[in-house]
Every structure is written in structure tokens, then in C-alpha cells.
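Colleague: These are the residues of each chain, in order.
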Amino acid sequence: MSMQITAQNFEANAAKALKDPNLRKAMQIIGGPMASRRVETARELPEFEALRDEGVKIKNHVLKHIDLYLEKFEQQLTARGGKLHWCRTPREARETILALCRSRNAKLVTKGKSMVTEEIGLNAFLEEHGITPVETDLGEYIIQLAHEPPSHIIGPALHKTREQVAELFEDHHPDYELPNMPGVKAGPRSTEPQVLVTEARQVLRDRYFQADVGITGANFLIAETGATVIVTNEGNGDLTQSLPKMHIAVSSIEKVIPNLEDLSTILRILARSATGQEMSCYTTLSCGPKRPEDKDGPEEFHVVLLDNGRSEMLGTALEPLLRCIRCGACMNNCPVYHSVGGHAYGWVYPGPIGAALDPHMIGLETARHLPNASTFCGKCEEVCPMRIPLPDVMRWWREQAHEKQITPPLQRWGIEAWAFAAKHPWLYRLGAGIAIGLLNMLGKDKGRLASLPLAGGWTDGRDFPAPQSASTFMSQYKSKQGAAR
Amino acid sequence: MSSSRDRIFATLRSGLKHTVNDPARPEAVAERIARRTPNLVPQRAQIPHAEQVALFTAKVEALTVTVDSVPAEQDVPGKVAEYLAQHNLPSQLRVAPDPLLENLPWGDRPMLQVDYGHGRSQDLVSVTPAFAGIAETGTLMLHSSTTTPTTLHFVPDHHIVVMKESQITGSLEDAFARLRDKLGTADKTAAENWPRTVNFVTGPSRTADIEGVPVLGAHGPRRLHIVLIADGTP
Numbered sequence: 001m002s003m004q005i006t007a008q009n010f011e012a013n014a015a016k017a018l019k020d021p022n023l024r025k026a027m028q029i030i031g032g033p034m035a036s037r038r039v040e041t042a043r044e045l046p047e048f049e050a051l052r053d054e055g056v057k058i059k060n061h062v063l064k065h066i067d068l069y070l071e072k073f074e075q076q077l078t079a080r081g082g083k084l085h086w087c088r089t090p091r092e093a094r095e096t097i098l099a100l101c102r103s104r105n106a107k108l109v110t111k112g113k114s115m116v117t118e119e120i121g122l123n124a125f126l127e128e129h130g131i132t133p134v135e136t137d138l139g140e141y142i143i144q145l146a147h148e149p150p151s152h153i154i155g156p157a158l159h160k161t162r163e164q165v166a167e168l169f170e171d172h173h174p175d176y177e178l179p180n181m182p183g184v185k186a187g188p189r190s191t192e193p194q195v196l197v198t199e200a201r202q203v204l205r206d207r208y209f210q211a212d213v214g215i216t217g218a219n220f221l222i223a224e225t226g227a228t229v230i231v232t233n234e235g236n237g238d239l240t241q242s243l244p245k246m247h248i249a250v251s252s253i254e255k256v257i258p259n260l261e262d263l264s265t266i267l268r269i270l271a272r273s274a275t276g277q278e279m280s281c282y283t284t285l286s287c288g289p290k291r292p293e294d295k296d297g298p299e300e301f302h303v304v305l306l307d308n309g310r311s312e313m314l315g316t317a318l319e320p321l322l323r324c325i326r327c328g329a330c331m332n333n334c335p336v337y338h339s340v341g342g343h344a345y346g347w348v349y350p351g352p353i354g355a356a357l358d359p360h361m362i363g364l365e366t367a368r369h370l371p372n373a374s375t376f377c378g379k380c381e382e383v384c385p386m387r388i389p390l391p392d393v394m395r396w397w398r399e400q401a402h403e404k405q406i407t408p409p410l411q412r413w414g415i416e417a418w419a420f421a422a423k424h425p426w427l428y429r430l431g432a433g434i435a436i437g438l439l440n441m442l443g444k445d446k447g448r449l450a451s452l453p454l455a456g457g458w459t460d461g462r463d464f465p466a467p468q469s470a471s472t473f474m475s476q477y478k479s480k481q482g483a484a485r
Numbered sequence: 001m002s003s004s005r006d007r008i009f010a011t012l013r014s015g016l017k018h019t020v021n022d023p024a025r026p027e028a029v030a031e032r033i034a035r036r037t038p039n040l041v042p043q044r045a046q047i048p049h050a051e052q053v054a055l056f057t058a059k060v061e062a063l064t065v066t067v068d069s070v071p072a073e074q075d076v077p078g079k080v081a082e083y084l085a086q087h088n089l090p091s092q093l094r095v096a097p098d099p100l101l102e103n104l105p106w107g108d109r110p111m112l113q114v115d116y117g118h119g120r121s122q123d124l125v126s127v128t129p130a131f132a133g134i135a136e137t138g139t140l141m142l143h144s145s146t147t148t149p150t151t152l153h154f155v156p157d158h159h160i161v162v163m164k165e166s167q168i169t170g171s172l173e174d175a176f177a178r179l180r181d182k183l184g185t186a187d188k189t190a191a192e193n194w195p196r197t198v199n200f201v202t203g204p205s206r207t208a209d210i211e212g213v214p215v216l217g218a219h220g221p222r223r224l225h226i227v228l229i230a231d232g233t234p
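So the sequence lines, in the order shown, correspond to chains V and P.
Heads up: the first sequence begins at 1 in our numbering, then just goes up one per residue.
Heads up: the second sequence begins at 1 in our numbering, then just goes up one per residue.
Keep in mind that the hints are not guaranteed to be accurate.
[Said to hold, decoys possible] Within a straight-line C-alpha distance of at most 25 Å, the following computed DSS-like cross-link-like pairs (lysine-lysine) qualify:
{"hint": "1", "chain 1": "V", "residue 1": "LYS107", "chain 2": "V", "residue 2": "LYS83"}
{"hint": "2", "chain 1": "P", "residue 1": "LYS164", "chain 2": "P", "residue 2": "LYS79"}
{"hint": "3", "chain 1": "V", "residue 1": "LYS444", "chain 2": "V", "residue 2": "LYS404"}
{"hint": "4", "chain 1": "V", "residue 1": "LYS83", "chain 2": "P", "residue 2": "LYS164"}
{"hint": "5", "chain 1": "V", "residue 1": "LYS83", "chain 2": "V", "residue 2": "LYS295"}
{"hint": "6", "chain 1": "P", "residue 1": "LYS182", "chain 2": "P", "residue 2": "LYS164"}
{"hint": "7", "chain 1": "P", "residue 1": "LYS17", "chain 2": "V", "residue 2": "LYS57"}
{"hint": "8", "chain 1": "P", "residue 1": "LYS164", "chain 2": "V", "residue 2": "LYS64"}
{"hint": "9", "chain 1": "V", "residue 1": "LYS185", "chain 2": "V", "residue 2": "LYS245"}
{"hint": "10", "chain 1": "V", "residue 1": "LYS245", "chain 2": "V", "residue 2": "LYS83"}
{"hint": "11", "chain 1": "P", "residue 1": "LYS182", "chain 2": "V", "residue 2": "LYS295"}
{"hint": "12", "chain 1": "V", "residue 1": "LYS404", "chain 2": "V", "residue 2": "LYS379"}
{"hint": "13", "chain 1": "V", "residue 1": "LYS295", "chain 2": "P", "residue 2": "LYS17"}
[To be verified] Quick list of the computed label-pair ranges, beta carbon to beta carbon:
{"hint": "14", "chain 1": "P", "residue 1": "TYR116", "chain 2": "V", "residue 2": "GLN210", "range": "53 to 63 Å"}
{"hint": "15", "chain 1": "V", "residue 1": "GLU365", "chain 2": "P", "residue 2": "LEU40", "range": "42 to 52 Å"}
{"hint": "16", "chain 1": "V", "residue 1": "THR161", "chain 2": "P", "residue 2": "PRO105", "range": "29 to 39 Å"}
{"hint": "17", "chain 1": "V", "residue 1": "SER190", "chain 2": "P", "residue 2": "HIS87", "range": "32 to 42 Å"}
{"hint": "18", "chain 1": "V", "residue 1": "GLN210", "chain 2": "P", "residue 2": "LEU100", "range": "54 to 64 Å"}
{"hint": "19", "chain 1": "P", "residue 1": "TYR116", "chain 2": "V", "residue 2": "SER190", "range": "32 to 42 Å"}
{"hint": "20", "chain 1": "V", "residue 1": "CYS377", "chain 2": "P", "residue 2": "GLY117", "range": "13 to 23 Å"}
I should point out that these hints are in silico values taken from the structure, not numbers from a laboratory.
C-beta: ideal position from N, C-alpha, C; glycine also.
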């Protein structure tokens, strides 16, 4: 039981999203300030493009030696007193984490932001087994209250308006008292983000101290030292992992990098690509449990490493996706994501990276619409710090869908008929000539057509311009050439 | 049945195809992990120390961090007391039990209640040292140890860092190199002595999770203040 998948309904999801006024407002933030901040900070660093190349080089080198780097990481982590748990499937990862929590009789678990725990559907699983997970990243906390999946990998609640957040807090914090005013219930909420942030801070404070286990993700695994790395802005990940007795870092195998020099290089492109910051507020390396002489820190440190099909991507057309550092730049810059939002994609990873990755993880049959959710404008590849050829991968998936006969028969036959015509110019010209003549005749009066058979998807939203002449481009060209001679 | 670990490695190795048998691979990995030559370091980090101090100060101030420069260690308690007064804070400090801080003349300010230890829920203001300051981004590098508990960096509302100008470096790589130098001992490598936690802190806690509006003080410290001791170049 993983996160609920609705990717198969992409078309319906998207149609619904297009009519959601709150989503329209939210998408302006992602396509506006979030995208432009990246451009500004990148411009301030003359070496930015060269650093992207270095990042690609590092990741490509790792992928050629990934087995050896993972072995080295495991060896170093173990030497520092940490324990590594290898998990092939989401189910194995969930069960491993549950067993770890039970070993400490955990009732309450705090969580830092982790996309891999979304991928394995951890929260619902823990709840089913009597353990309460509390998300502590503000965005994750908001969507946990709303019982929704994240809509963006770094801004999971960006689809929510401030009014919706205020309502959620009113519903879920009935006992919340105004800061510095003991006994005064907060009542109807202000919708000021500052006030709402203060409320979340206050409510979650006690949770950090009460939690039996803290679960975080990990952006990187460093082979040199055996450390995991988290990159955050709020400080919630650090409170989550330093106060409870057990820290579990949940990550995936492609996140390993050689050494601290490589970490330095990738950090320079990560935050700039993600939020347009030069560095995120908190970058934390965690290595083993607290040392015997330390005054704080967890007594146990576990790393749960998920495969979930990643190892199968090596040596295939999907291998470049293993370079992804989950910055979200591709969604911040995608016109399709801006139109339909993250939920429409119907699984954990939305946007261009999701369109390229999800078919592998949840099956092409289920996710077949996602590689089509692209205009191939190429912006995602242009902004990807790791220069992942996302449009190429989506095109590859389209070919797969066609070859495996996953696309609907009508579409396949249509494409085949068109291909046949394209390979036989006389037939193509004949068909084009008839179509042009017909369209010209039908649209003669108004110069446009309000509806067309088989093209309802286009004409429902706008008119189709009618050809101004009854003859094709080729025949006009030929007659002009004849006239010139 | 083979273990998950074995099966993951088997799939990875089959994906690597013929290259998996290349005898040069283990050596390439060992060399790469041990390599200390940085990749590309931005020009802005490769400047003389005095300029690094200026850049560090400008970068942290742009992140709303306040900086007090003092000529000598003995001036620190006075500046800390001033900070508390400015922000209407009680005169209670939770201080890292670090020699630099323990040896400050706190007695000069008898009103200050100074106690040492890790961060607790009731602590409003912490005072800690830092291991390094990184000029290129205005980032502090701190690490856990018996004298520098990590919770002091995250639990209190106000985090005051006391550090020396000589601790400021140009780049992230410079700071890592210094940490490796400090941790490496005669019988153990730096990696073997690696601490539980290394924190890079760039400004106070923040979030933009509600409508993308930047708000300070999400879960970590709402304010970050640095008292910088002018001890010159290292």
C-alpha cells in the first residue's frame, strides 16, 4: 500500500485543476517569484554554468562506480556506529522502519521532509500500526492536516492559499492560545503568514521533545565519512533528528557521492536551483549516533536505503534520471506544471521529473499520460542543474507506449496512417489538398471554424483558423515558381 | 533466498555491464574519495583574508544576521548583555561548555545568569562558538562535540555565536580542509574521528511554505547574532 495513485486519471485531474481558482493563484507564485529567484542568484555567480557541468561530471562518475561507493559508504557508516538497512521495495522499507520504531516502543514519531517516505507511503502505514507520525516541515504539516499528498517536491503546500491554511489551523488547533496570552484562545485566525508560522512553531515545539523517534530524509550520502546530509530552511529537520533517542534517515541508493569536495560543488547549484538562495539555511551532516561524551544527539542512528527500481535504471535510457538532486527547478519552469499543478500528475513526483520517472516506478500503463504532459519546450532541461535530458526521456517513454500498444488503438492507428502518408508524398499531397479545400469551404464566411470532427479538444476552448486559400502550400509554391520563370 | 542487499548489488552490477570487471575501478574510487583538490571554486571565495572578513560580514547581514565586532575577548560579555537589552530578553544565557566561552569574563556583568550545557525547551538564548565562517555565502560551520552540543544551535529563539576573525575562510572547501586538519590525529584519519553532527548555518530559520512569502523564525532560531573578535589574520 503506497501513496494513492491517480496518474491514470491525468486528463480528468488536469481538467479539474484548470478550473480551480485557488490553484491558479498558487501557480502564479511558482512560475513567478520562484522561477525568477533562480535566475537572479545564478546570474550573481559567474561560475554557475561551469559548476553545473562539474555536478554532472561528479554524478556520472558515481553512476559508473555506484556499487563501490555504496560499499564504502556502508563501511564508513558502520564504523561510526550507524546501521544501514537495504530495502528493495517500498514494503520492505515500511516494515524495516516499523520494526525500528517498535524496538523503542514508539508512539510518536516526528518527521523531517522526505520524498522517499512519501514514495513508500510511510505515514499511513505507521498510523495503521498505532504510531502517530507528525510532519514538522511547515508545508508537509499543512498537507498532513489536509490529508493531501504534496503538490511540489520542495514546496509541498504551495497549492494552498493562506485562507485555507488559517482554516486548517482553526480546525486542528482548538486549544491554541495566543502567544504571551495564557488562557486566551486564538479564535478566528489571522491569515498573515507570519502569524500562521508562529502558530505552527508553537504547536510543533512540544512534539519535538515528546517524540520517541525522529525520521528525516537525506539529500546526499557521503562515502568518505559515512555521513548523511539534509538541506533545509526551517530547522525542523535538525530538531527532529537531534532530540529523540533514535534517528532514522530514509534515502535512496542514487544519493551517494564521493567526498566533501563533491558535496561543496553540488551544494552550490542545489539551493540556487531550488529556491534561488545561495545556501539553504541549514545543511547538516549526520554521522553515527551521539558519541559517548556528547551531551545531546540520538543514541541510535539508522539509514534506510531504498532501491524501488532505481538499480534497474542503470545502463538504460533512464540512467540520467539518477543524477536528479530533487531541486524542483524543472517544475518551477514547466508551463504544463504551471497550468495543472502537482496533484494532477497523480503520484509523488510531479512535473517534468515525475513525467520521466513515474512511468518506471508505478508502471507505464498507469502513468502513460505523464510523458505526454509536455509541450517539449525544453525549459526543464535548460534549468536542470544536472542537465538531465528530460524531454528525451519523455519522448523515449512515448515510443515505449506506442510499441507496447499501451496508447489507445485509435491514436496508434492515426499515427500509423499519418506515418504511411508521410512516407508517400503523393498520398500526403492528395490528403492535404482535400482537407484544405474542405476547411476553406467550411470556414469561408467567418474565416474560422467553431467545431471540427476529431478535434474537439482544440475547438472546445478556441476556434480553429480556416485556411485562407483552397490550395496547399506546395501547390501555391509550385504555381508561384512557374510564374517566376 | 539472497538478501535485499545482494539483490540490489546484483542489479547494479548487471546495469554496469562489462565495465564492472574493469580492474581500475576500485582504485579510481579510492583515489577519488581521498582526493583533496577541490573542484571548481568560485572566484569570489579566492580573496585575501581581510576581504573574506568583509564579504562574510556583508553576506550574513544581507540575511538579517546582526554582527558586533569587538577588539578583544574581554569585550564579549558586554556586547551580549547589550543584545539582550536591545531585544527585551531576560538576562539568562545557555552557553556551550567550550573553553573559549568558559574563559570569558562573564563576572564583569553580574546581572547575567550564565549556565552551561545542551539546549532545553525553556532556553531562550544560546551562546556558542563556531568552527568556521565561510565568506562566499555568509555561512557558519559548527560541529557537535562534548563542548559544543548541537541542540544549542536549534532549540533557543536567539542564537548568539562568538567567533574570531581568523576563523573566517573563503570557501566551503577551505572550511572542510580546516576541519579535516583539526580532526585527524596520529592514529586516526579525520573520517574516523568525524563528529556526530556538522551544521552549516546560513542566516536564521525561515520558511516560504505559505504562498511563497518568506517568513523568519520557522522552527529554529528566529534571530542569529554574531560577536566577532578582531584577532586579525590566521
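Colleague: Are there hints from earlier that the structure breaks, and if so, what are their numbers?
Modeller: 3, 4, 8, 9, 12, 13, 14, 16, 17, 18 and 20
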